[in-house]
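With the hints as your guide, set chain P onto chain C.
Sequence order for the protein chains is C and P.
All you need for our numbering is the position in the first sequence, starting with 1, plus 1049.
All you need for our numbering is the position in the second sequence, starting with 1, plus 1049.
Because the hints were derived from the structure by calculation, they are not lab data.
Incorrect hints may have been included.
Which copy is meant is left open, so a pair is good if it fits within one copy or across any two.
[What the hints assert, rightly or not] For lysine to any residue, the following SDA-like pairs were computed, each having C-alpha atoms within a straight-line distance of at most 25 Å:
no., residue 1, residue 2
1, 1292, 1088
2, 1486, 1076
3, 1195, 1121
4, 1292, 1091
5, 1153, 1568
6, 1123, 1094
7, 1153, 1267
8, 1292, 1099
9, 1152, 1417
Protein chains: 2
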Amino acid sequence: MATSTLLFLPASDLPKIASAASVVVSITVFVALLCACLVIGHLLEGSRWANESIASLLLGLCAGLVMLLVTRWKRSHILTFDEELFFIYLLPPIIFNAGFQVKKKQFFQNFTTILLFGVLGTLISFCIISTGSYFLFKQIGITSLKIQQYLATGAIFSATDSVCTLQVLNQDETPLLYSLVFGEGVANDATSIVLFNAVQSLNLSHVKAMTAIKLFGTFLYLFFTSTALGVMIGLLSAYIIKKLYFGRHSTNREVAIMLLLAYLSYMIAELLSLSGILTIFFCGIIMSHYTWHNVTERSRITTRHAFAAMSFISETFIFLYVGMDALDIDKWKRSDASVGTTVAASGTLFALVMVGRAIFVFSLANFANCFRHESDDKIDLRQQFVIWWAGLMRGSVTIALSYNQFSTSSSKEGAFMITNSIIVVLFSTVVFGSVTKPLIKAALCHNWTSTNGEDAHSSSLEDIHILFPDNCRTSGNDSSHANPRSSLGMLIMHPTSTIHYLWRRFDNMYMRPVFGGRGFVPLLSSSTLTSPEGADGV
Amino acid sequence: MATSTLLFLPASDLPKIASAASVVVSITVFVALLCACLVIGHLLEGSRWANESIASLLLGLCAGLVMLLVTRWKRSHILTFDEELFFIYLLPPIIFNAGFQVKKKQFFQNFTTILLFGVLGTLISFCIISTGSYFLFKQIGITSLKIQQYLATGAIFSATDSVCTLQVLNQDETPLLYSLVFGEGVANDATSIVLFNAVQSLNLSHVKAMTAIKLFGTFLYLFFTSTALGVMIGLLSAYIIKKLYFGRHSTNREVAIMLLLAYLSYMIAELLSLSGILTIFFCGIIMSHYTWHNVTERSRITTRHAFAAMSFISETFIFLYVGMDALDIDKWKRSDASVGTTVAASGTLFALVMVGRAIFVFSLANFANCFRHESDDKIDLRQQFVIWWAGLMRGSVTIALSYNQFSTSSSKEGAFMITNSIIVVLFSTVVFGSVTKPLIKAALCHNWTSTNGEDAHSSSLEDIHILFPDNCRTSGNDSSHANPRSSLGMLIMHPTSTIHYLWRRFDNMYMRPVFGGRGFVPLLSSSTLTSPEGADGV
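For reference, chain C alone in the conformation it holds in the complex (with noise of 0.2 Å):
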């Protein structure tokens, strides 16, 4: 409604005056803040101490401070809204960009152990994190929490948040260890979420040995359906764009139907009560590999950073809430805790998750160190120290599920978790993301010239390669040195090399001749354009 409208309607009408009124005055002063983020951010760049999340953070801790002043210690809100704004709104664009930009080769090239720390490590975590708060907090004197709010609990502080590590992290570098920790950073955040969907969705009233099975059944099933439903469409996608090629038209059309086909995929999983973040993100995969090599060059550059931008303008929008809401009189009132208790709970949330991913990282690290066998490809101590210390902190995933789990009732144990999750993600991010920089690069100094554990891992690719030489436009070689026995002893020799071998020919004999994909769909202009996640930086 325009508010110039309502400003002048008959005093009969002044309480919804008021009302529309303070929603423009909220969007507005939001809208200035996420502005002023951007700005600061980019002045902090090159910063030692700080970045964009601390700088959001900091910015909202800022404004609650002065929304505290301005309506005399009332509230600190400028805006509150529901969390079916995040979990509609804000979260999908996340997750998606997240899919579409996810650099395929780091992340497929560490597979096993990725899975390893993503998947097992954080089913560790989080059994680490639910037990030992269901049995601390007694200690310190919470004792309302039921079953399901404990191992919800523990869903929603295993999903780390490893932007900052990353930032820090030079890809050419470092790529063993790049490659982990994105790669963990994504297989985490669709793990957690799928448990704590699974955590949802169960009657926990009456806990019995069949719960930890059935708990373990519901989170396959949503794992696998959700990434099945995303594939579909990211194929269908794929092929309406392909057949229909839009591109002869509208470079809008093409990008107006990718961002609408990816948000359906989000809120058909929802309506059939599947993890709709799973199914964006596998949705965003598949387009990434097919749609987009089926769109107009102009479409490329577009889908890749208008999809980034508004996974940034969401980020950006949820860490300055957070500071806001940090400092909620209301919810601190509400949770009816001392500073002491809150204190020790926090504490012991955050101390759970460091010994939990203390346990579970260095003890994975020395397990897929066995079957590494070059040594210059085995995780060493300090490239184990930085993925224990990449997991450490929590961001926009914790407070989502945290909202999402707690804030639904006005009960005080909701608003204290609430409260817990708030001061977790804040210290994690301000105080451990501040020091990520030095201290990384203190951990890593003597490691930089030593890695060649990529170059060991490329030559296992040729050796594939020239084994088995097809119609995979990479190779070269002369078909007769084929040895179909090699074939099984490359398999348990190179699993994940053989694999991959194996995907890029179906791929190409079966997949892009009717998806599309690179080198699949003729370029319509003479330059070229690299992969949405190429190095173009943030």
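What follows is chain P alone, placed relative to chain C:
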């Protein structure tokens, strides 16, 4: 909220489940319909009888019909939302993109004539429709509308939607006509919306002689302050990006900040009770003139197409919604008018639109022709017919204003007027829109080879450059021919060209050095791009 969560809550939360689930269903179905609109619109691209707007309207009608059948004639809406959605989220992208993509050359080349049609013509149309409906509605039995509502009706039905005609006209074959239709459409949008705001802001319970003057005064105030605000924020964005040079780091940030600042301009205008639409429109123009040239090439491509895609989605959304709303049983019941009365009212409005437009188009065109010296530059009768036809269709702006005015009250007059608006929009877009292509082609078939207006006009621009050589980049002539006394002569003889020339000097000497702009910011890559409004098609 993740519906998956909600669907497993205890029975006591069922009402909440139902509403949240229905939101998800609504959004899902609507997004699916939007995708269908895009695909169908694309397939109809070459069609003689149909275009995107028509496709969306008809699909909306079908969807509404299906909903009615499914809900057993209770409701036709999949999604109901309040007008806030229109004004805060849907209309800004459309108007901003119109400003961002405005073909400045076409717009300013026939500036005086465009203002004549777009501003004065709209005012004439407004007077005719307001007074006409005031007298004629009483004849058909509608007596309960107030003066303010009649005036609002005048503004609402003065807002044209000339997209259908523009899609048919060829910019190169009929440049003068294209320029006039396009420019008038733009000026008309601005004028009718500001008129509407002016009508809203006056206390019209006691109509006095001063009322008309007050109305005009408010109109001028809103027009100029809104424009100034939009220009200021546009310049601010150019300055920020030029000084901070975002491109150094991030295309995504540049895109994000342009988007946010544009939206901020709209919200600030609403906050200050100005016309947000006009503000965001001029912000778009300024951004395309300065800011767009200050960003990286990728940002230019991205913003150009992302903004157009968002505008496209919004407009499709509106037409889809209008199609569904046409079958809204509740509104028909609430309007409490017979079919005959409704048809008579719609017919009256439509007749007033046609007659009012004929009155000003033909008279003002002949008036303008008095000042057009070259015979090829005059607007002949066929062109006048096309201009008249182009402004007969009503679209998203009419709908948006109508909802704003009439849906806040749940009275029967409100429902009645909205119903009439929908009928007028539907009829004009579907019926008139579908015959536009053949009609225009028939009207212009003898005219296509005879338009030399463009050449005549360019030669006068060339004369100016010869007479006033300066540091203007397009001129390379010897300055010894400068003749100050001819400046005034030139201003009188070729006002538009002279003003254009003077503006270019001012722009190059003072504005662009500070705010950036074409040629004033080094390109970051070797290839060049045309402006946002380049000839890339839709």
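Mind listing which of the numbered hints don't hold for this structure, in increasing order? 2, 3, 6, 7
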